[in-house]
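Fit chain S to the supplied structure of chain F, relying on the hints for placement.
Protein sequence lines, in the order shown, are assigned to chains F and S. The opening residue of the first sequence carries number 1 in full-length UniProt numbering; numbering runs sequentially from there. The opening residue of the second sequence carries number 1 in full-length UniProt numbering; numbering runs sequentially from there.
Worth flagging that the hints you see were computed from the coordinates, not collected in a lab. Keep in mind that a hint or two might mislead.
[As the list claims (entries may be wrong)] Stretch by stretch, here's where chain F covers chain S in the computed footprint (C-beta under 8 angstroms, at least three residues):
hint, region
1, 157-171
2, 183-191
3, 231-238
4, 260-269
5, 287-300
6, 304-310
[To be verified] Label pairs and their calculated CB-CB ranges:
hint, chain 1, residue 1, chain 2, residue 2, range
7, S, V260, F, V318, 44 to 50 angstroms
8, S, T122, F, T244, 42 to 48 angstroms
9, S, K26, F, P241, 31 to 37 angstroms
10, S, G304, F, A88, 36 to 42 angstroms
11, F, T116, S, R312, 43 to 49 angstroms
12, S, R312, F, K26, 31 to 37 angstroms
Quick caveat: nothing in here was measured; it's all calculated off a predicted structure. By construction, the Cβ of each residue, glycine as well, lies at the ideal position given by its N, Cα and C atoms.
Residues per chain are reported as follows:
2 protein chains.
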Amino acid sequence: MAALAATALAAMLLPSPLIAQEKAEKPTPASIVQGAPKTDWVAIDPADLLVMTLAPDADGKDREVIIQLMPAPFSKGWVENIQTLAKAHWWDGLSVYRSVDNWVVQWGDGEEEGGTPKPLPTGLNVVPESQYVDETVAAKPEEDVIVLWHPRPELVDAYAESATFNDGWPIGLQIADGTRVLRRWPVHCYGSVGVARDLSPDTGTGAELYAVIGHAPRQLDRNIAVVGRVIMGMQHLSTLPRGTGDAGVYETLAEHTPIVSVRLGNELAEAPRFEYLSTSSDSFAAYAEVSANRDDSFYKVGAGGIDVCNLRVPIRPVKDD
Amino acid sequence: MAALAATALAAMLLPSPLIAQEKAEKPTPASIVQGAPKTDWVAIDPADLLVMTLAPDADGKDREVIIQLMPAPFSKGWVENIQTLAKAHWWDGLSVYRSVDNWVVQWGDGEEEGGTPKPLPTGLNVVPESQYVDETVAAKPEEDVIVLWHPRPELVDAYAESATFNDGWPIGLQIADGTRVLRRWPVHCYGSVGVARDLSPDTGTGAELYAVIGHAPRQLDRNIAVVGRVIMGMQHLSTLPRGTGDAGVYETLAEHTPIVSVRLGNELAEAPRFEYLSTSSDSFAAYAEVSANRDDSFYKVGAGGIDVCNLRVPIRPVKDD
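One chain only, chain F, in its complex shape:
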């Protein structure tokens, strides 16, 4: 087999003494992430993690999916609903009931009860129609707005006036006069988790969720709420057989993947611990610049740009020293 893109990927994911030696003076995205000081990493609160355990696969292997939930100000009631549903163990015994290639897998109430919807817990929020966050510019000096939300020069966006990262999340921006942010919203990338809904004005409760398993469906931005992203176990969703019914829903219950349990990370005996590379750190700035301008032993032509969904925010398990 050819080393290929195998080589490229090895360079990205694995510490390779050979490659590190070859281009000691040519940083790669991986070398920058590996070299980022511990102080540039931000711990993720286990209360912001959702741990979904699927039934073991055909070989009896465990399947665990970990989702990081969207923080304020974009959480807007949906994430609180998801926490309520998780605490009520509402998803336990339900299923992944839909899978569409290059689109989404979706889970929740797969009509296990023969078409009778499972009752929702009380106290769920009715969520506003839009996931926008509009800036109250007068509330803070304009320079702060620019510093906080300034678009990254490497990012060229087809779906928003510009794009950036806020607190570790990819964000679309509407901008006035080239400088002032008017509106912000989270965007759909590979691995993003969103809230399934019926036709507008329905906005979904958060009980039915999907994960993106293909090219970023950015046309969904601002139309459906993004409430998180898969940070571990993505392969347990992306490799599920595609459904052959209408809209990729499985035709038989036997094809559904049972959900054993969904729990908040802080409810587990051993809370999962992850950290992300601060998107306001110098390390992330260097990572973005090098990612947009690849120049190393494998890449000969740098693109000069990158899209916001291809600049993956580095996330890793916390290792004890």
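Showing chain S alone in chain F's frame:
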């Protein structure tokens, strides 16, 4: 289960009398494709198709993947090599040996012979390092260049100065003076098939191929040759278990997916027949505009733009009248 994005997808993929009625005056990408006249569809020559038959899956179901090969001027010797390899039945008995989530699956010589490379057929081309096509502007009037390769206004590109479609394929452009195309190249999207290679100046023979199974890895453009795209059976590649060895290579031969055969479409008793929506047709122009500005019963906020990999070229089996 919520209709969700199920509804959106149904609207995109299925003829839905309800939705069609609701927005009779609001075209969707699907309604435009469905309404495109037969004359806007271009037949794909079966000689440009590669039919890969994988071993049946665990349930004994057949797995067939059909790949459309890249035409001139971008084929540049690689595609001829692939045709030579297919005619020699070189891939028969080899395997899919690598799968990396949100990256690629890769096939060819998975060292079935215990590390001894399978000999290649004679007569393979040595392929030039770059997949660029530089324009000989003097050869045709400047207005022809503009008409032929003018970027689509809906497409905003992060990786090239602009992007368009040539003969049904997504293409990156380098442009001078805002009008004159200097250089063109095919781009990596979901489902694109490329030529695995070792470190440059190696350019690969075409014997080891990969298909993109995640967000468009556009940083590979101009660095690795794109030689085709999967047009049917993509799920047989995208759902393969991810490899757990270095760079996603499977750790054991038992995990490989055997390739039963790879044949050119015109060598089969029943040649596969497909057609694509002409990317220079009025139908495609309308499809692009509506895709970039969704406004229907599901989508409330149009993005105002789209990226070249999200504007999928419609391809369908030819149906006899």
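**Asked** For this structure, which hints from the list above don't hold up?
**Response** 4 and 11
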